[in-house]
Amino acid sequence: MKQPGEFYQRDREWHPPAATPDYKTSVTRSPEYSLLSLEQSASEITGPTFGHNDIDPLDNDMIHNYAQPGESAIGERIILHGQVLDENGRPVRNTLVEAWQANAGGRYRHKKDTYLAPIDPNFGGCGRVLTDDEGYYVFRTVKPGAYPWRNWVNSWRPAHIHLSIFGTSFSQRLITQCYFEGDPLIARCPIVNTIPDQTARDQLVAALDMNATIPLDTIAYKFDIVLRGRRSTVFENRLEGN
Amino acid sequence: MVQKLDYLKETPSQTAGPYVHIGLAPGAAGFEIYDKELGWDIAGPNAKGERIRVEGIVIDGIGSPIKDVLLEAWQANADGIYAHPEHPGEVEEGFRGWGRVITDFETGEWGFDTVKPGRVMGRSGKLMAPHINLWIVARGINVGLNTRIYFDDEAEANAADPVINLIEWERRRATLIAKRGERDGQIVYRFDIKLQGQDETVFFDI
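Protein chains in written order, with full-length UniProt numbering: chain A, 1 to 242; chain B, 1 to 206.
One or more of the hints may lead you astray.
[Claimed, not checked] Mimicking DSSO-like on lysine-lysine, the simulated pairs with C-alpha atoms at most 27 Å apart in a straight line are:
1) A:Lys111 / B:Lys9
2) A:Lys222 / B:Lys67
3) A:Lys143 / B:Lys4
4) B:Lys67 / B:Lys36
[Stated by the list, open to error] Partial list, computed: chain B residues near chain A (C-beta under 10 Å):
5) Tyr7
6) Thr11
7) Ser13
8) Val20
9) Asp68
10) Trp74
11) Phe105
12) Phe112
13) Asp113
14) Ala138
15) Gly140
16) Thr201
17) Phe203
Everything labelled a hint here was simulated from the structure, so no lab data went into it.
Built from N, CA and C at the ideal position, the CB exists for glycine as well.
Let the sequences and hints guide you as you build the complete structure.
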């Protein structure tokens, strides 16, 4: 019987382990028994799909998508762009990328955030976009500020943007954080350092991309995203049992 | 020396953090920004099958409900068909089979309305019991957790399910089975998730 086109196994030594005591919150929220390894069925190989009816074209412009008419968010204007690829280097087309972040002062628009930096009335802090036919996505936003958090007595998060990516299957679902080149807080961050491997940590740092900046307007950073790859039998086989 | 394999590496996961609602459920964070938030309607108005509600809490290692969790559900329709181009068959118009919910900030309770899924063909030609796939992210969870919700009124199908039967300890199989009840004429399944302890929910590496 033919096998379905499965996704490559997730490299659990590349991702952070569940229990990472220096990131204190993980201690009581990390499963202690081993994950049960599952060979993929239709339940794992399929996943939700989204279209242009689901979102608004302005949703990827965080400078304006919550601003009053004629106003814009305060902060360093940046473009965050990149390509969503799979581990085979193939573009992941038409997939939903969602983003959220603090404002330029490091304050989130969230009823649970009480940091003393002020809310920006023209900044919501969330955006979303579908990748194009080459897998590219782009956001316009302001560079988020660093902010303190309760881990050690004096812990500061490096500037970061949270990203959520769907891919084409539920097994590719991923949430990560994008950091910015040159930030000295990256190396000190207990959340960054949940990832054991330096090369893997480097993969989360967006590069300053002068070629993509808009002169006299907006600076740019490039952040490519890689989702799990898939065996090439996908084009020959149907899902088993059908 | 050997030739170099040129595969890319998957982008490493990071925690969704405490403010995941801003990005994925901004209404819950306390502001309206999108005309349409995604994931509130799993089955749509035309779905066949039994209308159900699934509720629960996610419990940490201390035994306390976690109040900043986000869960995503992925399920087949009542005929066992996923709304995905590679899964043969048609789903009802408006059936997406995907939803996302957050917990109540005070109690940690979550719940979603859907239809009970049908059986989906598994590997080796064995039918799987009806189930909803679940993905759980939160502050303190470094990589999203995958599990499945099965239903306690499907005892026969559950007993033959190839995934449930992979679980070596029978005691642990019970952690995946939602309990059926009724409230105000509506079918409500209870599915509590424990991240640690003797009754830790079975999580999968898919």
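Now the hints, each set against the structure:
1. The hinted pair formed by A:Lys111 and B:Lys9 fails the criterion: a straight-line CA distance of about 36 Å is larger than 27 Å.
2. Distance check on the hinted pair: A:Lys222 and B:Lys67 sit about 34 Å apart at the alpha-carbon level, beyond 27 Å; violated.
3. For the hint pairing A:Lys143 with B:Lys4, the CA-to-CA distance comes to about 37 Å; that exceeds 27 Å, so the pair is violated.
4. With a C-alpha separation of about 24 Å, the suggested pairing of B:Lys67 with B:Lys36 holds against the 27 Å cut-off.
5. Annotation: interface hint on B:Tyr7 holds; nearest CB of chain A at approximately 5 Å, less than 10 Å.
6. Among the interface hints, the one on B:Thr11 holds; its C-beta lies about 5 Å from the nearest C-beta in chain A, closer than the 10 Å criterion.
7. Restraint check, B:Ser13 versus chain A: the minimum CB separation of about 5 Å is within 10 Å; hint holds.
8. At a threshold of 10 Å, the smallest CB-CB gap from B:Val20 to chain A is about 7 Å, leaving the interface hint in force.
9. Residue-level restraint check for B:Asp68 holds (minimum Cβ-Cβ distance to chain A is 8 Å; threshold 10 Å).
10. Interface hint at B:Trp74: satisfied, since its Cβ lies 5 Å from the closest Cβ of chain A, which is below the 10 Å cut-off.
11. A distance limit of 10 Å between C-beta atoms decides the matter here; for B:Phe105 the minimum to chain A is near 7 Å, and the interface restraint holds.
12. Evaluation of the B:Phe112 hint against chain A yields a violated restraint, the C-beta minimum of about 14 Å exceeding 10 Å.
13. Interface restraint check: B:Asp113 against chain A, minimum CB-CB distance 17 Å, threshold 10 Å, status violated.
14. Look at B:Ala138: its Cβ gets to within about 7 Å of chain A, closer than 10 Å, so that hint holds up.
15. A distance limit of 10 Å between C-beta atoms decides the matter here; for B:Gly140 the minimum to chain A is near 3 Å, and the interface restraint holds.
16. The restraint placing B:Thr201 at the interface with chain A holds, with a minimum CB-CB distance near 8 Å, inside the 10 Å limit.
17. The beta carbon of B:Phe203 is positioned within 10 Å of a beta carbon in chain A (closest approach about 5 Å), and the interface hint is therefore held.
Checked against the numbered hints above, the structure breaks hints 1, 2, 3, 12, 13 and satisfies the rest.
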